[in-house]
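Enquirer: Below, each chain spelled out in residue letters.
Protein chains: 2
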Amino acid sequence: MHILILGAAGMIGRKLTAAIAAGGLPTNRLTLADVTAPTPPDAIPTTALAVNLANPGIATRLVADRPDLIFHLAAVVSGEAEVDFDKGYAVNLDASRALLEAIRTLPGYHPRLVFASSLAAFGGPFPDLIPDDFHPTPLTSYGTQKAITELLISDYSRRGILDGISLRLPTICIRPGAPNRAASGFFSSILREPLAGLPATLPVPDTTRHWFASPRSATGFFLHAARIDTAQIGPRRAVNMPGLSATVAEEIEALRRVAGQKAVDLITRIPDPTIAAIVGNWAGNFAPARATALGFRADASFDDIIRAYLQDDAPGT
Amino acid sequence: MHILILGAAGMIGRKLTAAIAAGGLPTNRLTLADVTAPTPPDAIPTTALAVNLANPGIATRLVADRPDLIFHLAAVVSGEAEVDFDKGYAVNLDASRALLEAIRTLPGYHPRLVFASSLAAFGGPFPDLIPDDFHPTPLTSYGTQKAITELLISDYSRRGILDGISLRLPTICIRPGAPNRAASGFFSSILREPLAGLPATLPVPDTTRHWFASPRSATGFFLHAARIDTAQIGPRRAVNMPGLSATVAEEIEALRRVAGQKAVDLITRIPDPTIAAIVGNWAGNFAPARATALGFRADASFDDIIRAYLQDDAPGT
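From first to last, the protein sequence lines stand for chains E and S. Read in order, the letters of the first sequence correspond to residues 1 to 317 in the working numbering. Read in order, the letters of the second sequence correspond to residues 318 to 634 in the working numbering.
Be careful, since some hints might not be right.
Unchecked claim - Not everything, but these chain E residues come out facing chain S in the computed CB check (under 8 Å):
#, residue
1, D133
2, P136
3, R158
Stated by the list, open to error - Residues from chain S that keep clear of chain E, each with C-beta distances beyond 12 Å, as calculated:
#, residue
4, L366
5, G425
6, Q549
7, W599
8, D630
Unchecked claim - Label pairs and their in silico Cβ distance ranges:
#, chain 1, residue 1, chain 2, residue 2, range
9, S, I587, E, G108, 34 to 40 Å
10, E, R269, S, Y426, 39 to 45 Å
11, E, Q261, S, N598, 56 to 62 Å
12, E, D65, S, A335, 54 to 60 Å
13, S, T364, E, K87, 32 to 38 Å
14, E, M1, S, R614, 53 to 59 Å
15, E, A37, S, D382, 47 to 53 Å
16, E, R227, S, P442, 23 to 29 Å
17, S, T364, E, D128, 51 to 57 Å
18, S, L540, E, P107, 46 to 52 Å
19, E, G160, S, D450, 28 to 34 Å
20, E, A231, S, I361, 52 to 58 Å
Hint data in this document are derived by calculation from the structure and do not stem from the laboratory. Glycine residues also receive a C-beta, built at the ideal position from the N, C-alpha and C atoms.
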């Protein structure tokens with residue numbers, strides 16, 4: 001099986017590549033694409049390309065060899081899509097549509113397409129427990145672009161052009177490495193930095209509740225989505241992924257259990273009304289019945305999320 | 318006030334033009350555009366243009382004079398958008414987006430935009446009574462294109478580029494004139510043809526329930542949406558319009574009351590499994606609480622719908 005990963009140099013893209021290379025999916029050929037050249041894994045014949053999917057002709061070139069399975073993770077993150085209107089729409093909407101159109105123009109080609117969508121497709125006010133059929137009413141341009149791409153993938157799937165599934169991912173935590181421009185960054189940094197003995201800032205109240213998945217779980221969602229029988233999904237091709245609902249206080253308690261009070265003491269509360277207002281509109285808890293029935297599995301506790309981070313991303317800590 | 322109507326030569330576009338000309342909205346200038354030249358009303362200075370909004374540069378030209386209020390009714394209907402993939406996306410999605418982009422590029426311009434969306438943004442299975450926050454999961458390309466345009470209008474409104482509202486219209490009944498390519502055509506023709514002494518065919522069971530508004534009510538929705546305080550709407554700019562929930566049997570009983578058994582006898586039942594399957598996925602009954610609170614009003618009975626048709630469209634009958 002020939003697998004194409006778009007956005008392969010991103011955090012989840014790299015972990016997904018490694019999981020596939022470790023036998024997570026049967027493959028004899030990988031194509032990895034991102035705006036900076038992804039690193040090919042050992043052991044699998046790989047083409048690594050530094051290309052921008054938003055540029056003319058790139059989507060056509062990437063699917064010309066008819067990869068059997070496409071992971072589409074290429075995106076501008078939420079903060080950047082809000083600041084740069086044109087770039088957000090160009091990458092998150094137009095490039096996605098160019099990919100679908102490139103597939104449509106190849107007669108008889110019908111790949112599985114797994115798309116990284118987001119709970120940003122939803123916007124508040126929310127019920128305490130958000131059902132699978134809660135209506136997408138995004139409150140950011142990023143969420144709008146994700147929701148639109150979901151609709152396109154459902155329509156192209158219904159028409160038999162491709163076999164798509166959109167994964168509405170929880171906020172990924174603990175995100176390794178340096179902060180990106182996502183407003184959700186502090187959810188990771190209040191754990192990641194103290195685990196490394198570094199100070200961290202908490203801009204929202206401890207009572208803030210949110211919906212999380214570890215990078216390990218998210219990688220698992222993509223592998224599972226590649227193998228699933230999409231006949232079970234029906235025409236509603238966007239699926240809310242499972243996650244862990246937790247407050248900031250619960251995050252911090254898990255940090256205390258795993259790394260002690262000394263780690264917790266590295267967190268300083270500096271309220272930021274702007275971030276608090278943005279995050280206050282976010283979803284806190286879902287009832288992901290469809291995804292659970294389809295076999296998707298999330299983290300059981302924040303202790304597990306922290307331990308997965310220490311094992312996968314910070315083994316020297 | 319300068320008012321621009323896109324799709325002004327269509328059925329609702331013509332009625333809306335007439336209602337505005339009759340004093341429904343204060344205006345001293347009209348611009349009417351459609352693929353065939355709309356007929357200017359008497360009494361108001363009008364520019365009537367035969368243009369295709371899907372062609373390059375047309376949207377920019379239409380908003381160059383900065384109309385204060387834009388009604389966007391230009392569309393390819395559901396049946397045609399399903400048969401002709403490219404045309405449907407070009408007109409119903411790309412032309413709509415070109416309009417939004419043309420507005421965005423004019424500094425300081427912030428028009429009210431009223432968009433003709435549709436209950437086709439929804440797809441079954443449905444609850445018996447569909448709430449305002451039911452999730453859009455369209456099952457046609459037409460519904461997909463409408464749902465995407467709604468999302469764009471909400472995002473452009475949230476960003477302060479324009480002041481938009483998307484009206485999710487019920488099925489319009491009784492549609493005057495010749496049938497179009499919509500699968501919903503029989504809902505009108507089983508009344509319209511017998512009222513004119515002509516035979517009509519019913520392709521679905523009498524128990525089929527659906528959601529209706531007369532052209533008169535729909536015109537009223539647009540006039541009301543132009544005047545409304547959009548601060549009351551909030552960021553969810555797509556609003557389910559009120560309507561009348563009725564079965565085919567109730568339609569026929571109203572026909573009997575208004576026009577007698579002789580009219581009813583002109584209906585012949587010729588089951589069409591294809592149409593029955595399409596219509597079986599459609600919504601039967603909504604609880605349009607938001608629209609009602611915003612002051613939108615629908616028809617009270619099918620007798621009223623028939624009488625409105627006889628007064629407005631078939632006065633000689």
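Enquirer: Each hint should be assessed against the structure and marked as holding or not.
Expert: Results for each hint:
| no. | hint | verdict |
| --- | --- | --- |
| 1 | D133 | holds (5 Å) |
| 2 | P136 | holds (7 Å) |
| 3 | R158 | holds (7 Å) |
| 4 | L366 | holds (28 Å) |
| 5 | G425 | holds (16 Å) |
| 6 | Q549 | holds (15 Å) |
| 7 | W599 | holds (14 Å) |
| 8 | D630 | holds (34 Å) |
| 9 | S:I587 x E:G108: 34 to 40 Å | holds (37 Å) |
| 10 | E:R269 x S:Y426: 39 to 45 Å | holds (43 Å) |
| 11 | E:Q261 x S:N598: 56 to 62 Å | holds (58 Å) |
| 12 | E:D65 x S:A335: 54 to 60 Å | holds (57 Å) |
| 13 | S:T364 x E:K87: 32 to 38 Å | holds (36 Å) |
| 14 | E:M1 x S:R614: 53 to 59 Å | holds (57 Å) |
| 15 | E:A37 x S:D382: 47 to 53 Å | holds (49 Å) |
| 16 | E:R227 x S:P442: 23 to 29 Å | holds (27 Å) |
| 17 | S:T364 x E:D128: 51 to 57 Å | holds (53 Å) |
| 18 | S:L540 x E:P107: 46 to 52 Å | holds (48 Å) |
| 19 | E:G160 x S:D450: 28 to 34 Å | holds (31 Å) |
| 20 | E:A231 x S:I361: 52 to 58 Å | holds (56 Å) |
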